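Here the protein sequences come in this chain order: A and B.
Each residue of the first sequence is one higher than the one before, counting from 1 in my numbering.
Each residue of the second sequence is one higher than the one before, counting from 1 in my numbering.
Watch out, some of these pointers could steer you wrong.
[Unchecked claim] Below, a list of computed lysine-lysine pairs in the DSSO-like style, where the Cα atoms sit at most 30 Å apart: (1) A:LYS259 - A:LYS38; (2) B:LYS91 - B:LYS120; (3) B:LYS174 - A:LYS157; (4) B:LYS91 - A:LYS154; (5) A:LYS157 - A:LYS229; (6) B:LYS120 - A:LYS259; (7) A:LYS33 - A:LYS200; (8) B:LYS120 - A:LYS154; (9) A:LYS259 - A:LYS33; (10) A:LYS110 - A:LYS157; (11) A:LYS157 - A:LYS200; (12) A:LYS229 - A:LYS259; (13) A:LYS34 - A:LYS229; (14) A:LYS58 - A:LYS38; (15) A:LYS33 - A:LYS58; (16) A:LYS110 - B:LYS174; (17) B:LYS120 - A:LYS200; (18) A:LYS157 - B:LYS120; (19) A:LYS229 - A:LYS200; (20) A:LYS38 - A:LYS229; (21) A:LYS154 - A:LYS229; (22) A:LYS200 - A:LYS34; (23) A:LYS58 - A:LYS34; (24) A:LYS110 - B:LYS120.
[Stated by the list, open to error] Taking beta-carbon pairs under 8 Å as the criterion, some of the chain A residues facing chain B (in silico): (25) PRO44; (26) VAL47; (27) SER90.
Hints listed in this document are in silico derivations from the structure and should not be mistaken for laboratory results.
Treat the numbers as computed from the prediction; the structure is a model and nothing was measured.
We put the beta carbon where it would ideally sit given N, CA and C, even for glycine.
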Amino acid sequence: PRPDVDALTPGTHLLFAQSGRIEHVPLGGYDMKKNDAKPVLHLPEKVIIGVAYDCVEKTVYWTEITSPSISKANIEGGEPTSVISSGLESPEGIAIDHLGRTMFWTDSAKDRIEVASLDGSNRRVLINTDLVNPRAIIADPSNGNLYWADWNRKAPKIETSYMDGSNRRVLVRDNLGLPNGLTYDPHSSQLCWADAGTHKMECMDPGRGSRSTVLERIQYPFGMTAFGKNIYYTDWQRDAVIAVDRYASRESDEFQPQKRTRLYGIATAYAQCPAGQNYCSGN
Amino acid sequence: NSLIGTPGDCQPCPCPGQTSCVQIAETGQVVCTNCPAGQTGMRCQRCEDGYYGDPLGLSGAAQPCVRCNCNGNVDFNAVGICDHVTGRCLKCLGHTEGDHCERCQQGFYGNALDQTVGQKSCSCSSAGTSGHVNECHPQTGNCHCLSHVTGRDCSYCEVGFFNLQPGIGCEICKCNPIGSSS
Numbered sequence: 001p002r003p004d005v006d007a008l009t010p011g012t013h014l015l016f017a018q019s020g021r022i023e024h025v026p027l028g029g030y031d032m033k034k035n036d037a038k039p040v041l042h043l044p045e046k047v048i049i050g051v052a053y054d055c056v057e058k059t060v061y062w063t064e065i066t067s068p069s070i071s072k073a074n075i076e077g078g079e080p081t082s083v084i085s086s087g088l089e090s091p092e093g094i095a096i097d098h099l100g101r102t103m104f105w106t107d108s109a110k111d112r113i114e115v116a117s118l119d120g121s122n123r124r125v126l127i128n129t130d131l132v133n134p135r136a137i138i139a140d141p142s143n144g145n146l147y148w149a150d151w152n153r154k155a156p157k158i159e160t161s162y163m164d165g166s167n168r169r170v171l172v173r174d175n176l177g178l179p180n181g182l183t184y185d186p187h188s189s190q191l192c193w194a195d196a197g198t199h200k201m202e203c204m205d206p207g208r209g210s211r212s213t214v215l216e217r218i219q220y221p222f223g224m225t226a227f228g229k230n231i232y233y234t235d236w237q238r239d240a241v242i243a244v245d246r247y248a249s250r251e252s253d254e255f256q257p258q259k260r261t262r263l264y265g266i267a268t269a270y271a272q273c274p275a276g277q278n279y280c281s282g283n
Numbered sequence: 001n002s003l004i005g006t007p008g009d010c011q012p013c014p015c016p017g018q019t020s021c022v023q024i025a026e027t028g029q030v031v032c033t034n035c036p037a038g039q040t041g042m043r044c045q046r047c048e049d050g051y052y053g054d055p056l057g058l059s060g061a062a063q064p065c066v067r068c069n070c071n072g073n074v075d076f077n078a079v080g081i082c083d084h085v086t087g088r089c090l091k092c093l094g095h096t097e098g099d100h101c102e103r104c105q106q107g108f109y110g111n112a113l114d115q116t117v118g119q120k121s122c123s124c125s126s127a128g129t130s131g132h133v134n135e136c137h138p139q140t141g142n143c144h145c146l147s148h149v150t151g152r153d154c155s156y157c158e159v160g161f162f163n164l165q166p167g168i169g170c171e172i173c174k175c176n177p178i179g180s181s182s
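Input sequences plus hints: build the corresponding full structure.
Written out as structure tokens, the structure reads:
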């Protein structure tokens with residue numbers, strides 16, 4: 001059965017997964033235009049987990065665990081296309097390097113991180129050791145860094161490596177519970193995470209290591225995405241997208257879709273690509 | 001399609017409880033958009049992540065969507081923990097296995113239904129077992145011992161026996177009853 005894409009209007013949007021669909025909320029400045037929220041993609045037979053956005057081709061990519069696969073669709077009205085459908089077991093987080101034209105994803109059952117070109121070719125395993133429950137993954141293409149979180153109950157951690165998998169290091173291992181969500185804001189150089197175990201949202205500068213708490217007593221964060229001064233995260237208990245003002249350290253808004261069910265990954269669909277280039281962009 | 005101008009342009013949504021639906025323009029396909037709690041799919045026929053059943057009875061008697069039952073041996077923070085129709089658990093933890101994570105994996109023993117106990121490795125003595133070091137009773141953990149070998153893991157000789165040898169077992173002590181203290 002062929003699902004469908006509703007074209008999005010220009011501007012910046014939030015894209016997030018709810019079972020069987022990818023919804024969107026337009027942003028007006030940093031405010032969620034909740035009245036204009038609507039499903040952008042109906043995938044009624046699927047359980048979508050991770051969502052990522054390629055600002056160059058205006059395409060949304062997602063991971064799906066029902067028939068484990070990675071697919072994409074142009075948000076201006078393209079058909080969903082399968083990109084990778086073999087060798088996956090439980091693909092979860094997905095990240096796009098819009099400069100190098102590659103995608104990275106975690107598989108929590110195969111316990112590995114893989115990379116491939118955006119069309120699914122040139123696929124290879126990047127990391128396959130010391131992973132237990134890898135979930136969120138983020139690329140910072142301008143600096144060539146990759147970040148991911150592993151919510152392993154016995155030893156949760158946030159790690160980083162270069163985008164070729166080399167120079168792997170643990171960034172955070174203390175006072176973590178279930179770090180489900182991860183996002184990186186290149187303007188402020190802040191890597192932020194949302195933890196369903198400690199119920200905190202925290203940030204750090206991965207270069208300097210300084211760590212600070214943005215918000216405490218959050219309920220059950222799953223996915224998160226940064227846009228300017230705000231962070232938006234999905235919550236399994238509130239079945240909502242919550243906007244947090246990073247600098248004021250307070251929740252500023254909430255969007256709860258009409259259908260009450262778990263929300264998974266969330267991504268910012270930028271109106272324009274962030275400026276930047278990297279060594280791979282000419283490949 | 002209400003733009004054609006004939007009676008019956010608008011059809012009721014084929015969704016449970018008269019819930020809403022959308023018709024996809026290009027394909028004409030109708031997708032239910034507000035399925036009852038726990039249900040999803042084109043016609044609300046399948047259960048959401050974390051639930052299983054057959055709410056519309058597509059393959060037999062209708063079974064409402066209920067939470068995956070994995071005997072506490074799955075993590076609630078995981079996704080895709082059971083098959084949405086059969087309920088077969090897909091992410092058993094702590095060396096458990098089975099459709100509902102109800103027994104220990106090969107090579108482990110304990111009580112899969114009691115997380116406080118957990119699963120322990122059989123770790124049978126390679127010298128004293130007649131089977132494989134990973135083969136033991138799933139509950140007691142008793143390994144298959146060679147003759148006159150004892151202990152859960154078959155690691156030592158029975159009283160009155162000595163000299164545990166791999167593949168053979170223990171020999172009887174040939175002590176003179178007059179000169180022995182036991």
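Item to check | Hints that the structure is at odds with (numbers, increasing) | outcome: 3, 6, 16, 17 and 21
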